[in-house]
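**Student:** Residue numbers (numbering that gives the first Met the number 0), protein chains in the order written: chain A, 0 to 535; chain B, 0 to 429.
Hints are computed from structural coordinates only; laboratory data are not their basis.
We put the beta carbon where it would ideally sit given N, CA and C, even for glycine.
Treat the hints with caution; some may be incorrect.
[As the list claims (entries may be wrong)] Derived contacts from chain A toward chain B, CB cut-off under 10 angstroms, selection only:
hint, residue
1, 42
2, 50
3, 52
4, 55
5, 64
6, 71
7, 92
8, 96
9, 97
10, 134
11, 174
12, 179
13, 295
14, 297
15, 298
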Amino acid sequence: MAENSQTPESVTLTIDGRAVTVPKGTTILQAAEALGNRIPHYCYHPGLSAPAQCRLCLVEVEGAPKLQPSCITEVQDGQVVLTESEEATRQRTGVLEFYLANHPLDCPICDQSGECKLQDYVHAEGRKHGRSREPKRVFGRDDFGGDILFYGDRCVMCTRCVRFMNEMAQDPRLTVVERGNRSIIDTFFEEGVEGSPYAGNIVDICPVGALVSKDFLHKARAWDLDHKPTICPNCSQGCNIDLHVRDNRVQRLKPRANLEVNQYWMCDYGRHRYEWMNRDDRIESPVVNRSGQPVPSDWSEALEALHGRLEEGVRPVKAVASPFASNEDLAALRHLVDALGGGEIVYRLPRADREIPLPGFPRLSRRRDLAPNGRGAEILGMERVGDDEGAGGLDELAHYTGTLVVLGDELADLEADFGQQAALYIYVGSHPSPAASQADYLLPATTFAEQEGTFTNHEGRVQRFWPGLQAPGLARPAWLVLGALAARMEGGGVPTSAAEAFVQAAELAPEFQGLTYESIGTRGAIINEPVALPGA
Amino acid sequence: MAYPYTHEKEVRLLSRGWGDPASRTLEGWKALGGYEGLRKAVEMSRDEVIGVVKDAGLRGRGGAGFPAGVKWSFMPKEKKGPHYLCCNADESEPGTFKDREIMRWTPHQMIEGCLIAAYAIQAEHVYIYCRGEFFETNEIVGRAVEEAYEAGLAGKDILGSGVDIDVTVHVGAGAYICGEETGLMNSLEGRRGLPRVKPPFPAASGLFGKPTTINNVETLSAVPHIVVNGAEWYRQWGTEKSPGTKLFCVSGHVKRPGNYELPLGFPLKELIHGVCGGLREGRKLKAVVPGGSSVPFLNAAECETCSLSYEGVVEAGSMLGCASVMVMDDSTNIVKQVRRTVDFFSHESCGQCTPCREGTTWLARILKRIETGRGTEEDLETLLDLGDQMTGTTICVLSDSAAAPVRSSIEKFRDDYLALIRRGEKVGAA
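If we strip away everything but chain B, and leave its shape as in the complex, we get (with noise of 0.2 angstroms):
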């Protein structure tokens, strides 16, 4: 296939279709299985569904891991009003590129997903929530969507189950906050996007205030394989806590960045070295980020070993989170870099909570001062501190996420920020 790379150890089960434009059509997805597991998951019971993809083990892929068939089982299994499913499209953590593949190759299989949960969860409507900046796949999810309503497959009584389930494709209007899962809701609901206290969580008080059940779009689109061939089939791959197949969306200096289908657990030097080819000519690894820009930096020993499941990279001193695996060489300046996410997160705070509010830009204009020669060593105990003080303190992880690269960096890489303040001293730069 054409797909920009592929790899002999990969494992296309999300990504199969990739590359191929006629899979983004109705016809073309039937013609790789696509609406069968709706087909199937109408005939079943709601608790069938959702026991199948709870025993299958599938982790939610938006970054926070948590077991998606039991997250269906916290709704209400008593009806008392409208149940909404949110399918978290809003893709903007830096370094990841995974769900826009799936969006763009194959929408049909996110709207098929999303069909089967909100069939197990007795939501009557989705909402597709898609990040503002995808212009193209926007568009060919929208088209996917009437495509599915014309054939009967979404709206009032799907396949004749007498079930009714609208899809509703929502533009967000580019913040990174809105991706947050109760942030998003705000959003939907034409209010500023800002986290919510939780609790309530989702699944009591959600979007509109009912019963809501938001997943990642990576998370959804492996539900139909799942229903189809079972939850032991999906197993043969992954590791026991970490079942099944992950995109993995490689960036950085690897002589062949691109996603990757593979399964968990396999090792990430294999996935450098092996499945992307390598560093480029003379290069040392030197640092990589595994899980999108939220996530503790590994340091090259830490990669020797790392294994690609949620357990093993939380082992190895990080996060999957979204397995989002930006790698660097020895050309790379680790302070420029966590400086660039830090600002990043000082721009896209929602600005509600004090410590990510203030903090988050503190760090930034500290990170700026050491890189550009004028940092001192009690900068580093000030960041160190500062982050600990964004840690754990605010309605949602943002703040956390700004304070995680910092901390590890200057754990693990304390000699670079030390040379730029040597260097700024004898430099003498104002």
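Only chain A is shown next, with the shape it has when bound in the complex (with noise of 0.2 angstroms):
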């Protein structure tokens, strides 16, 4: 064959008088997406089928006999589309009437308010003055059971909360029962969307406050939010979400887009673990412990007396390290055990018994593995013991009486008299314990949250993650006390920069090798699995 039939045939268009070249198949809507022209929908949803039923994104077709919905009518060679023409504005200013009808207008009780497409589009393109005078139908509030509580008053009838669960989810609990004016969404049983593990995906879904959920229910204006990107650290999937953040404190998680590991969606699971970034009891600064006597110091203190200690050479050397804890920590973890003469480090990992799977992306699962780096700990040669409940295995290494280090585990399950025999006790992490509060040198770090770094998921994808809070007190990353202590050790550079540490990991781990924060980027980037080559 001559031709490439690979190559996807491609179409011009014009939209608003601006030329557009994009793969034959897509659609208007798309299409101005691409020229970054929005075309204001609500029923539309990238990640689920489109009924074309909003009619919010019709738009002008020339040669067309009336406005085409934008979301389904496929773009064709030399077609000229008009979004702002006046019967295209006529029309989303009319359906947008329409929806003000019946709407209660409660913003200022309204969760959803200030990112709310309701609020946006009739603030750009909305009458100045409604002219309904009729009485408003009226729902009022239901339970539909789990997280979820729904404002049947406030509903613009996507169904993009039915088509989730009918597609995504595959666990048919909402419907559109009655018709008309009447029509309403509603759960088939009492229960409604509990146990459903994907269903907090219909929150985040529905484009106004019709949906909302009573964890976040009147916490916080959507306005006093700030959009932290990162990496959900509850299984080892790395869904990419953001942290919604006020006053120093994660109030919610959301998904962030990414269409090789979530898509549009998170679920339910690693939704609602998010209070431990919020604790307040804390490791806020280093602690030298002299003979059962803590005393607080500052990080040159500290480092100066621990480098001493080190340098007496204490030695061999076991670590523990921790699954939560970024690539940076534990290649930085690794370089100082290696700098040390090198010993074994093991981490414990929390596993579920299984996987859940969102059945309509099922690339997208709570995986077993409950933290977000299993897979970092195991390429930089750690060892996992332990049980399911990420507990137990470290009985030997409680009595050890050479160097122990610990990296971020908060061994919770452990006796305060863990590491008393040991030559050298050093703690790294940011929560104290009865087990790590007798450290000889506890040294705060700081969470992922107050942090950059990254981390290795499930299927080997390196993904950037980006700090949502302040670190409290003298909390620095585990990669600069560990780096900084390494180089003192063997007299090389100290990482000034999270991707600095990158590249100190990456000649540690053949995998992580020629990749940099910029191609990780904010998409992620596979690692280099091994390769034998033949004869070697």
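Assembly of the complex is requested from the two constituent chains, each provided in isolation within its own frame, with the hints serving as guidance.
**Tutor:** Next up, the structure:
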């Protein structure tokens, strides 16, 4: 065959006077988006089927007898589309007025206020004054079970929630009942969406305040929230998420689109495990334990003293790492252990008894490994110990007599005598515990939410995250603390940024070689699979 | 014959046998020449059958008036999977009561038409979607289908032709929107009766996603006559663009309301004053809705010259629709009539599209306010504007149908609205 059948045919059209070339089969709405022109819409969602029923995205197509729904109309070569023509604008203004005819306008007490598509669209193109003088239809509020509340009066009947439950969750618990102006979203049974593991997404995709989270109810106003991009730390899937932060506290988690990892979704298991990021019991400054007397210290003093101890040559070294630590943190630990002559590093990882896939996109699943970076620890040559609760496995280490370094693991299941027989016990972590607090050197580290770094997910995708919270007190990223120590021991350079720390990690693990923060970007990059050369 | 009213001007083609319970049976229908059309059709090629219906110019009697033969020719010639025929017997347009009479008196006429059409489009299955409220009718149709099976006219190897055509009678659950062709298909599939976005059109992807043709009862009932007698014979009635006869359902303020079968192109004036015996004593004609509640009103002057053909009614300012002629004399409160019509559409909107879901109810509420003396002149502008927003902006045409009588009544009977508004202002109704 002379022609390459792999090349998708492309189509060139004009939207509002600007030419755009897109692959055949693209819709007008998508093509407009490629030009940065977001055509208002409710029922269309890129992750779901398009029923073309909200009638908000209608645009003028030259030659067509009437306005066309841009969400389902495929582009044609030479097509001329007008999204801002008098007729198209009039259509949007008209549809918006229809929405407002029965909308309660309770924005002051609505959680969606500030991130509401009805507010946005009406603000942009609504009529100055509504003409409706009629009494409004009242549905009231309904508990949909689980974390979800339904305010029927705010609903715009886009049916995204129904389609999500049917198509993605494949757990049809929602439907439209009645017809015409009396139509309303409802559940089939009393328990509603309770127990459906991905139901929280219907709150995210609801364009208005009809579906809201009980957990978030009246907790914060949308405009007070900072959106901080990060990676969900609650399993090894590595869903791209945003921390929504106010007053240095995480208020909720929301999925961030990444078509290859989690599309637009995240599971409820991950969504509802963020409170620990707001814990107030923190290790806030370095503490040096001298014969049972904990003495708060500062970094230069503590590191100076610790360096002296390490120079004394207490060996051999054993270490405990945490799969909640970043690649950079883990690599810095590996670096330090290697600098001290090498030694075994173990980590403990809670593991669920089963995966919970999203049937409509099974690449997304709540994985069995309930930590974000077990794969990173594995790549850096660490060994998993302990049980599926993430406990046990450290009996031998508890009474170890050499140098003991712990990174991140809270040691919550261990007694205060942990490490007391060690020649030197260094603890680098965020939260105090009886077993941690007795360390000779207790060094405060930031959590993933307070630092920049990368995790390696279950499929070997290295993904970046960014700081969302201010670290308390003197807490510093573990890669900086451990990297400084290693540099002192070996005479190398101290990494001055997470990006540099990653470069150092890549020197330790061939899987990371060639990857940089730049190449990982916001979408992540797959690690190099180890290649066995023939004859090697 | 005893059928409620007949008139010498009628051409009783489809309505032959009405009023006589005997014609309900297979024997009775055969005595009227029944199933000769089917016998003849299966000896013809499929294209010949489509050809004769095309030549006869038979237009869809469900309301849109699309030529039936042309519709059939959209079906794929090469059969790759099942083809279906839907017979739309969900007659529910207010003012329409012709399909019910066909099914009540001559169910075999419809079944024969279904079988011929199914043969022509290579459909192996016919679904007759009956309106749920037609209890007696549905029983009669069910019995007739059984008879047809027993006589080897339906099912396997019909009339020894080697062609298999099954017939299923499906009874709806009472939703006007299930008479919309794609809503009907969703309903048949067990889904909510929501009209589908077109394209794809049913001939490409219809019932169960397979090529499907859907025709109205009256359309299909005309087919056997055309196949037996030919296209030229059928064209002796009607006009060039609207050949044949049509059942007119006349209701309202006439002396003899009822079903009348007349050649298309019959003068509306003569239908009212001649065939139906005229208006009640001392009354004057005020308005006529010529094609079911979805079409615009005609005022008395427009009725004078209106010819009842598809093109004639459009010329007069409305649409023939399904030829449900509602006659209103000068005792009629037009606003009330429009409000009731819009109430109906508001109740029957499926609720998918925003302009229809919200618009129909809004129109109804404004109309109710005007009717009860609480309207303003501004409301009339709002009504017209909302009607504009509801026209041509939705998946199906229910929304357009609700807007049409509002617009035409305000244009043609504005004084009626203003009188109610002024009276309200004077009395000071709250």
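**Student:** Which constraints among the numbered hints does this structure fail? Numbers only, ascending.
**Tutor:** Violated: hints 13, 14, 15.
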